[in-house]
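Engineer: Letter by letter, the chains look like this.
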Amino acid sequence: GNSVTQMEGPVTLSEEAFLTINCTYTATGYPSLFWYVQYPGEGLQLLLKATKADDKGSNKGFEATYRKETTSFHLEKGSVQVSDSAVYFCALSGGETSGSRLTFGEGTQLTVNP
Amino acid sequence: DAMVIQNPRYQVTQFGKPVTLSCSQTLNHNVMYWYQQKSSQAPKLLFHYYDKDFNNEADTPDNFQSRRPNTSFCFLDIRSPGLGDAAMYLCATSRDRGSYEQYFGPGTRLTVT
Chain A
1 GNSVTQMEGP VTLSEEAFLT INCTYTATGY PSLFWYVQYP GEGLQLLLKA
51 TKADDKGSNK GFEATYRKET TSFHLEKGSV QVSDSAVYFC ALSGGETSGS
101 RLTFGEGTQL TVNP
Chain B
115 DAMVIQNPRY QVTQFGKPVT LSCSQTLNHN VMYWYQQKSS QAPKLLFHYY
165 DKDFNNEADT PDNFQSRRPN TSFCFLDIRS PGLGDAAMYL CATSRDRGSY
215 EQYFGPGTRL TVT
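Going down the list, the protein sequences come from chains A and B.
By this note's numbering, the letter at position 26 of the first sequence is numbered 26, and the numbering carries on one by one without gaps.
For this note's numbering, count along the second sequence from 1 and bump the result up by 114.
Among the clues, some could well be false.
Straight line, CA to CA, 30 Å or less: simulated DSS-like cross-link-like pairs of lysine-lysine [what the hints assert, rightly or not]: (1) B:Lys158 to A:Lys60; (2) B:Lys166 to B:Lys152; (3) A:Lys60 to B:Lys152.
Not everything, but these chain B residues come out facing chain A in the computed CB check (under 10 Å) [as the list claims (entries may be wrong)]: (4) Phe129; (5) His162; (6) Phe218; (7) Gly221.
What the hints contain is simulated information worked out from the structure, not anything from laboratory work.
Backbone N, C-alpha and C fix where the C-beta goes; we use that ideal spot for every residue, glycine too.
From just these sequences and the hints, can you work out the full model?
Structural biologist: Shown next as structure tokens:
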């Protein structure tokens, strides 16, 4: 079946630091890949997505590239802000066995200090 | 703005007392989902509707039921809440089945006393 593995958290950074959150996946077929962000007490918000190999999703300074050869979708941001503190979930859907079901990674708690 | 709305945001119920959570959407999406999330863990899918077709996850307890009376609304019924059912409940929608992104509501935080 499908699975998503995220780097273990929590991650603590100083403002303006570079962020990488690793995400790798296992799936058959050609899934779509997503990053969702969850702020305290809120629902999940779609941060970015990529639907095919070599696609780069980007939003609010965050980027992730769909790498089929390494089955990865790492999230990066060049300069984080305090307001980026949240939980980040990598997820996939589609492929041959997933249908419309989202498969989530474990989530990574990011804290950015001023 | 088109969105997914959940009411109430916070719900307190007593042990064993039935409770209903509601979700509405203005996106006119075909698929609606209910998730349970505990302590910033990954959301756990309970069930979803594809139009009027109900799809239950194999490990969803019978205590959880759902209704979708029309395209816009979907309800989660917990027939006899236990202390272990205290969680955030998230509603989501997607345009169709397949590799489409899901749009989440703000969630309902359920407390069981």
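Engineer: What hint numbers does the structure not satisfy?
Structural biologist: Checked against the structure, the only hint that fails is number 4, while the rest are satisfied.
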